[in-house]
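**Student:** What follows is each chain in one-letter form.
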Amino acid sequence: MPKIMVVDDEEHIRLLYSEELLEAGYEVVTVGSGHELLPKIAEEKPDLVILDIKMVDYDGLDLLQDIRAEHYDLPVILSTAYDTFKEDMKSLAADYYVVKSFDLTELKKKIAMALETRLPE
Amino acid sequence: MAFYEENPQGIGKADLVAAILSYNDADSIGVAVERVSRGLKDHFGDRNAVLINCDSHSVDGTREAFFQAPSDVPRIYLSTETGGSGKGLSLRNLFEKVRQLEAKAVLVLECAIDNLTPYWVAALAGPLFKGTAFVQPLYVRHKYEAPLTSALVYPLSRCLYGRRCRQLGSGEVAFTGAMAETFLNAPGWSDAVSSSGIDVWMGMVAMTARVPICQTVMHAPRLRRSKGQAPELAPQFRRVLTVLFDLMVAYGDFWKRVKWSKPTGLFGMNGRETEVPPTIDVKVARLHAQFLEGFAAYEETWRKIFEPATFNKLMEVRSLTPEHFTLPSQTWATMLFDGAVAYRDADAGARAALIDCFLPLYLAKVVSYVKRTERMSIQQAEDYVEAICEVFEENKRYLIDRW
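In the order they appear, the protein sequences are chains A and B.
Note that our numbering has the first sequence beginning at 1, numbered continuously upward.
Note that our numbering has the second sequence beginning at 1001, numbered continuously upward.
With the rest of the complex left out, here is chain B (with noise of 0.2 angstroms):
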């Protein structure tokens, strides 16, 4: 694959790589350089260290200001060429870069986060130097953060693939240069991996390899600088569902092998305060009525795709006020077991449809989250969250047998 590069100071080899991502963050990409500097000189003085600015092809001069942010580490630039852009599209060229640099150890972050600190650059890289080949970021949440986690990823990831990653897809992420090869050689690489769907990917690779793998706790939540309009969500939804099928049609003999599941490692339990997180609101009413008007849509493509005990369960759900609204953990994760089991068998054009009858079904289970954990605290609801990974992995069993 091809990239734009510039590297004026000839770098050629480097242990340790710090990737800033960036897309039109020319105001802000000079404050991360400088932070990601000051993490590397503080607890990677000793390695030969290298910063890239990885690229969407931006316009607005992030180029000029990566290379005019105070630092005395060493700087590459790599963008993505024009047309091309995509989180996913810049990651492949950082891996393709890792291989020539022959780089040990590798982080990335975003150049969009606010609350960066040199602190994240050892609570990433650490772990590397201590046997881990991936690395996963905990940060503090609400919550109602990253339902797409709590109610999908998390839940189907460790069912399927038998490790406790509670984060993943959470933008940060730190691996060995031998994981960027394994990377590079992956099978699924899709649209939905040249975007966003990059993140969640990279973790499940990362699984499958048999690697180890650590979540590393940042004490802070995640606070991502906007601008100016909210990330949509069906795109992003399509896009980490999409990949979430399309491994577990690549990676069928892998975990049919898994029971259960085991939890990570953990890193950085160092007794650094632990910040709070800021408090989520959701729209409740408008999530019920998405998902009912999805029955105009799609209950035909639900009838044919479900088991009709399954189909059921959904007219019953169908039924409930949104004060007694609830979708079972068993309802939905039979639902995502009987949908895999259509994407593997349709074609490329009716995979994006199928994809797309799943957005009413999460919103529901959105729903049904928000309402039974109201009540309670963020630890309560973590433990609802593993209650109901729990009953994922006790109807495995189910999508082996219809798989």
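Only chain A is shown next, with the shape it has when bound in the complex (with noise of 0.2 angstroms):
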């Protein structure tokens, strides 16, 4: 069962993709502060990690540099309510990208899709 790390400082985010996710058919660990995001990433081990952009002690684009820094290949979502986001070019680290919403449709044909990417070793 894939492992997905949701990265949020939104109670109620945490607690909705946690829901919908584990009702997927995925293993959820949810995580409420960029502070804490890298120990917990070497901690668990996640398949892919789910990142909100603007939280109130990180900046998300900054936490996806220090990701790619040491985690290359792991499949990173940003998650976000804004679509500006993308004019930062710090944004092209991410697999994709989705805005948030209480329908995650969406996200989860991007989990799919970030799971399933393939390239031969």
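Simulated from the structure, these hints should not be mistaken for laboratory data.
Check the hints yourself; a few may be wrong.
[Stated by the list, open to error] Covered by chain A, per the in silico footprint, the following chain B stretches (three or more residues, Cβ under 8 angstroms):
1. 1060-1069
2. 1240-1247
[Said to hold, decoys possible] No farther apart than 20 angstroms at their CA atoms in a straight line, the calculated lysine to aspartate or glutamate pairs in the DMTMM-like style are these:
3. A/100 - B/1300
4. A/86 - B/1383
5. B/1371 - B/1383
6. B/1259 - A/73
[Stated by the list, open to error] To give a feel for the contact side, a few chain B residues facing chain A, derived at Cβ under 8 angstroms:
7. 1210
8. 1262
9. 1376
10. 1379
All residues carry an ideal CB built from backbone N, CA and C; glycine is no exception.
Put the complex together from the two separate chains, hints included.
**Tutor:** Written as structure tokens, this is what we have:
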């Protein structure tokens, strides 16, 4: 069962994503703060990270760079309420992005794509 | 392969090679030598660096100007032999010289770039000393700049080889010494690669070599000096599509195993101010007319190589007025996939004709892209290019089934 790490400082988003992704058959771990993220990734070894961009204590795009420095091919999906973040080239390092919504159809589609991605070893 | 060399300082080894490509660039190579030398001194002062002028048998005194330019960096001049010219041939000479010098890192810059700065040396070569094997620049571009990349090279290379390298084939590049060896032994070397097709070829060979690739953010547009005539579209299109199809044939076992795509690493996110690209104007009416003219020459070929549903869609597209013109990305992808299959099965003579028949279709895709993005910002147009790529990826199963 693929393990998905949800990183968001809003509790209701963490709850929503957890419930829906558990129901979809994934194992879910949540992280509420950017500061905790890198040690949590090392500890939990997720198969995919869903990363909020605008967090109170951290910029998700900076965190994405930190993740890439240590985990070059770990799938990361950016999750945001704002479309303007794409003007920042740092967002190119993400596998996919989704605009936050209560309907998680698009998010689930991108999760499936990211987990199915295959490059020859 | 033989090449002409002048190595007056008898340089036998180097860590870092900075290559400047030239062809009749006597007027500008001095400035390039100065700027690249400054970049090497400022950013890689502790490395054993050498400047190599990779010339295409210039007859205007480029060699003399290269050696006369003020610089403390040791210099070597290489040239193609008499009668041989082309960027690919110059770079093949470079790969061999890199092997002889046992260099660890190589960056390649074109002499005819007006806005080259010492920072470009750091941006290109920097990632090579941090574990990257192949570096592709990411320039600031207007939405209509380099449509060949946006409509063809990026969607196809990404869906085939699984790495998102947005500006593959843009001119400058950097790679490790080990990659130079890989290039010397890679398949698909052709006349197209010997000339300007080399840029796209190197990128795709790197993608199949399973080495770390990164895009380095240049924060500037690429302003190429005009040498009095605009580069011709048709020959460049032919070379690029030939390289794409040749490598599809050579690397079938690789790309059939690729599903979806991954981002590449990014370098150069250092807060430098980003410049604004110059505006590009596209003459849509002329391109649309050329697309329609293509039916006279190629309709029967298209009928033969495309599946009936795709051919019928193309006939629908033909009937659209310029105001309402669109060539759906799925149709474009399917035509290219059908074309690749036909190319694989064709003999050498038929392959050239097959490549030619795609030029009007490519122009149709450019018209469609321009119409669709005319009211969009550069960022919105980029999102649209990403959507085109996703259509290619979603339809890859069709290609695998037909292959």
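**Student:** Go check the stretch 1240-1247 of chain B versus chain A for me, would you? Three or more residues, Cβ under 8 angstroms, otherwise it fails.
**Tutor:** Since 0 is below three, the answer is violated.
**Student:** Please verify whether residue 1259 of chain B and residue 73 of chain A have alpha carbons no more than 20 angstroms apart.
**Tutor:** Cα-Cα ~14 angstroms, so holds.
**Student:** Within 20 angstroms, alpha carbon to alpha carbon, are residue 100 of chain A and residue 1300 of chain B?
**Tutor:** 49 angstroms, violated
**Student:** Starting from residue 86 of chain A, check that the Cα of residue 1383 of chain B is at most 20 angstroms away, please.
**Tutor:** 9 angstroms, holds
**Student:** Given residue 1376 of chain B as an interface hint, is the shortest Cβ-Cβ distance to chain A below 8 angstroms?
**Tutor:** 13 angstroms, violated
**Student:** Is the coverage entry for the stretch 1060-1069 of chain B by chain A consistent with the three-residue Cβ rule at 8 angstroms?
**Tutor:** As far as the stretch 1060-1069 of chain B goes, the hint is violated, because 0 residues have Cβ atoms under 8 angstroms from chain A.
**Student:** Holds or violated: are the alpha carbons of residue 1371 of chain B and residue 1383 of chain B at most 20 angstroms from each other?
**Tutor:** 15 angstroms, holds
**Student:** Please check whether residue 1262 of chain B passes as an interface residue: C-beta within 8 angstroms of a C-beta belonging to chain A.
**Tutor:** Result: holds, 6 angstroms to nearest chain A Cβ.
**Student:** Is the interface hint satisfied for residue 1210 of chain B? The criterion is a beta-carbon contact with chain A at less than 8 angstroms.
**Tutor:** Because about 7 angstroms separates residue 1210 of chain B from the closest Cβ in chain A, which is inside the 8 angstroms limit, the hint holds.
**Student:** Go through the hint on residue 1379 of chain B and say holds or violated, using the shortest Cβ distance to chain A against 8 angstroms.
**Tutor:** Holds, because the Cβ-Cβ distance from residue 1379 of chain B to chain A comes to roughly 5 angstroms (cut-off 8 angstroms).
Taken one by one, the earlier hints fail for this structure at numbers 1, 2, 3 and 9, listed in ascending order.
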